[in-house]
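The lines below spell out each chain.
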Amino acid sequence: MRHDGTIGRRLRKAFSSAYLFYLYLPVLILPLFSFNDSYYISFPLQSFTWRWYSELASDPSIIAALYNSVQIALVTAVLSTALGVLTARPLSKYSLRGTKSIIGLIMLPMVIPELILAVSLLVVLNQTSIGLGKWAVVLGHMLICYPFAVAILMSRFEGFATVLEEASLDLGATPFQTFWRIVFPLALPGIIASVLLTFTISFDEFLIAFFLSSSEPTLPVYLWGQLRFPKKLPSALALGTLIIAVSFVFVILAEWLRRRHSATGSTP
Amino acid sequence: MTEPAALVELQHVNKKFGDFVALDNINLTINQGEFFSVLGPSGCGKSTMLRLIAGLEFSDSGSLFIDGKNMDAVPAYRRPCNMVFQNYAIFPHLTVTENVAYGLRGEGLQKSELRERVQEMLAAVQLIGMESRKPDQLSGGQRQRVALARALVRRPKVLLLDEPLGALDKTLREDMQQELRKLQQSVGITFILVTHDQEEALSMSDRIAVMSAGRILQIATPRDIYEKPNCTHVARFIGDMNFLSAVTEAVHERGRTSVAVDGFGKIDFVEKLTAESAGLTHNVAVRPEKIRLSNEQTNSDVCVSGVVVSSSYWGDQSQYQVVIDDCEVTLTVAAHNSSDSLNNPLHSGDRVWVSANHSAFIRFSGDSSA
Numbered sequence: 001m002r003h004d005g006t007i008g009r010r011l012r013k014a015f016s017s018a019y020l021f022y023l024y025l026p027v028l029i030l031p032l033f034s035f036n037d038s039y040y041i042s043f044p045l046q047s048f049t050w051r052w053y054s055e056l057a058s059d060p061s062i063i064a065a066l067y068n069s070v071q072i073a074l075v076t077a078v079l080s081t082a083l084g085v086l087t088a089r090p091l092s093k094y095s096l097r098g099t100k101s102i103i104g105l106i107m108l109p110m111v112i113p114e115l116i117l118a119v120s121l122l123v124v125l126n127q128t129s130i131g132l133g134k135w136a137v138v139l140g141h142m143l144i145c146y147p148f149a150v151a152i153l154m155s156r157f158e159g160f161a162t163v164l165e166e167a168s169l170d171l172g173a174t175p176f177q178t179f180w181r182i183v184f185p186l187a188l189p190g191i192i193a194s195v196l197l198t199f200t201i202s203f204d205e206f207l208i209a210f211f212l213s214s215s216e217p218t219l220p221v222y223l224w225g226q227l228r229f230p231k232k233l234p235s236a237l238a239l240g241t242l243i244i245a246v247s248f249v250f251v252i253l254a255e256w257l258r259r260r261h262s263a264t265g266s267t268p
Numbered sequence: 001m002t003e004p005a006a007l008v009e010l011q012h013v014n015k016k017f018g019d020f021v022a023l024d025n026i027n028l029t030i031n032q033g034e035f036f037s038v039l040g041p042s043g044c045g046k047s048t049m050l051r052l053i054a055g056l057e058f059s060d061s062g063s064l065f066i067d068g069k070n071m072d073a074v075p076a077y078r079r080p081c082n083m084v085f086q087n088y089a090i091f092p093h094l095t096v097t098e099n100v101a102y103g104l105r106g107e108g109l110q111k112s113e114l115r116e117r118v119q120e121m122l123a124a125v126q127l128i129g130m131e132s133r134k135p136d137q138l139s140g141g142q143r144q145r146v147a148l149a150r151a152l153v154r155r156p157k158v159l160l161l162d163e164p165l166g167a168l169d170k171t172l173r174e175d176m177q178q179e180l181r182k183l184q185q186s187v188g189i190t191f192i193l194v195t196h197d198q199e200e201a202l203s204m205s206d207r208i209a210v211m212s213a214g215r216i217l218q219i220a221t222p223r224d225i226y227e228k229p230n231c232t233h234v235a236r237f238i239g240d241m242n243f244l245s246a247v248t249e250a251v252h253e254r255g256r257t258s259v260a261v262d263g264f265g266k267i268d269f270v271e272k273l274t275a276e277s278a279g280l281t282h283n284v285a286v287r288p289e290k291i292r293l294s295n296e297q298t299n300s301d302v303c304v305s306g307v308v309v310s311s312s313y314w315g316d317q318s319q320y321q322v323v324i325d326d327c328e329v330t331l332t333v334a335a336h337n338s339s340d341s342l343n344n345p346l347h348s349g350d351r352v353w354v355s356a357n358h359s360a361f362i363r364f365s366g367d368s369s370a
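Residue numbers (my numbering), protein chains in the order written: chain A, 1 to 268; chain B, 1 to 370.
Any given hint could be a false lead.
One-sided and incomplete, this derived list gives chain B residues near chain A with beta-carbon spacing under 7 Å [to be verified]:
1) Ala54
2) Ala76
3) Asn82
4) Ala89
5) His93
6) Gly106
If you are wondering where the hints come from, they were derived from the structure by calculation, not from laboratory data.
Just so you know, even glycine gets a beta-carbon here, dropped at the ideal spot from N, CA and C.
Construct the entire structure; sequences and hints are all you get.
Here is the structure:
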């Protein structure tokens with residue numbers, strides 16, 4: 001590393017810049033054209049407008065799709081986080097036999113192609129009384145959100161001092177009170193982070209929702225449908241911009257909460 | 001003094017963790033208002049015993065009584081005892097006041113009464129002014145006081161202390177030892193202290209139990225533990241000790257015995273060991289500070305000559321290694337630097353007289369593992 005010199009440093013700088021450019025430029029195009037007063041996505045830009053956003057707000061089917069998405073994402077986030085707490089707690093507290101294989105099994109849906117998950121869920125759910133629709137999407141989303149919830153919550157529970165629970169019991173609190181007064185508050189940042197992240201994942205997800213939502217499209221599915229109509233494209237861009245903005249805020253908030261003060265009870 | 005009332009009783013308590021025997025047939029009675037210490041090296045089972053009393057661990061067999069009640073089916077949160085944990089285990093998300101008030105939440109107290117009791121306790125441990133601080137804004141000593149206040153505010157019958165001073169530096173530890181002793185005497189609550197620090201146990205306790213490998217070796221007052229250890233393990237664990245091998249020469253009437261002690265020659269003891277007869281090899285021990293060094297021969301019970309082979313200066317005292325003439329025995333001798341009979345310090349190579357009284361020698365039968 002001694003002869004790193006200026007060439008190496010320049011190369012690294014060039015690579016990083018190119019990478020960031022490539023990563024964010026297309027994303028920045030979206031908001032740019034969502035404020036452009038033209039049906040066509042091409043330069044030069046026309047005048048600035050809020051038109052596409054107001055068109056969005058006055059379209060009842062978009063509002064319905066937004067409503068579907070929020071409902072699905074909320075239920076998914078709460079359920080997968082609750083399941084995540086119930087899983088992460090014992091996995092990090094007790095050294096059970098086969099802990100690693102259990103974790104591996106839980107993380108598996110992260111590497112299964114979503115298309116395959118979606119198709120197989122479509123086949124299975126069609127055979128059951130659940131059928132297609134919002135609940136079907138929730139089930140599908142829980143499958144992909146659960147591993148994230150477990151991963152986030154395990155990092156929160158790891159190093160969680162069991163002695164704090166013992167101290168609580170010793171001071172006369174029942175196990176139930178101990179959970180609500182000690183374990184829950186100390187794990188809360190992790191729980192909120194998990195809710196925010198799983199909400200975002202569910203809200204942004206397309207493939208599973210596309211296959212399972214049937215007549216109750218989520219926002220991304222609706223957006224996809226709109227792309228067929230050239231006149232609706234700018235509105236779709238406006239909608240995409242909003243989704244990106246909200247997701248961005250959620251993920252940053254989740255990460256900030258996850259990293260804030262640790263839950264260990266030992267004295268520094 | 002009236003007969004002390006038993007408060008905590010352990011009867012034939014056994015506990016294993018897998019193959020590891022943590023507690024091996026423990027029988028113990030701790031009295032009302034007593035400051036009782038459990039002393040032993042780490043891994044001897046002393047913490048397990050404390051956790052068992054607190055209800056955080058359960059025995060494999062045997063029974064535990066607190067205040068006459070069997071505790072087998074009583075969960076930790078219903079037991080009349082509270083614990084000061086080793087690293088204090090203060091709730092990091094609560095303030096000092098909230099930590100101290102935590103144990104009173106289930107008591108159904110009036111708000112004003114609760115506040116009063118918390119304030120009273122905070123005053124007792126000198127934490128006034130720290131009420132709204134979070135644990136990470138406290139020093140080690142202050143955290144220790146919070147842990148103490150949090151446990152004592154519930155007015156338990158027994159306070160359990162698990163190495164409570166281990167994390168503090170020396171000066172603070174000594175201050176806290178005195179404060180803890182004073183506090184115990186003022187509140188009159190039974191304290192059970194677990195420690196590996198012998199000075200702590202000796203200076204604070206009414207009685208000490210010395211533990212090793214899951215068993216209680218001796219239960220006695222600090223003075224008796226130090227002066228009359230009942231086996232070589234206890235003698236070795238508490239303070240420094242010179243061990244000398246010895247052979248019984250003759251047992252006379254009334255238990256008087258003559259013993260040939262390595263280095264000191266023949267010594268007469270007034271009491272015989274159980275089942276002692278001529279030819280028995282055993283151990284004789286003597287504390288370093290019970291041996292005197294002098295330039296002239298003394299008329300003590302025993303007096304032999306030797307050579308100083310090393311010396312080290314410890315401030316209040318000096319420690320010398322002395323080899324006794326005509327044998328291989330090396331003695332450790334501690335001499336107080338103020339009241340020393342020698343005006344000049346000893347150096348290695350100096351010839352000295354080594355003397356001691358009969359009463360300084362302690363005999364152990366059986367375990368010749370010295």
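Check: Looking back at the numbered hints, which does the structure fail to meet, lowest number first?
Finding: none
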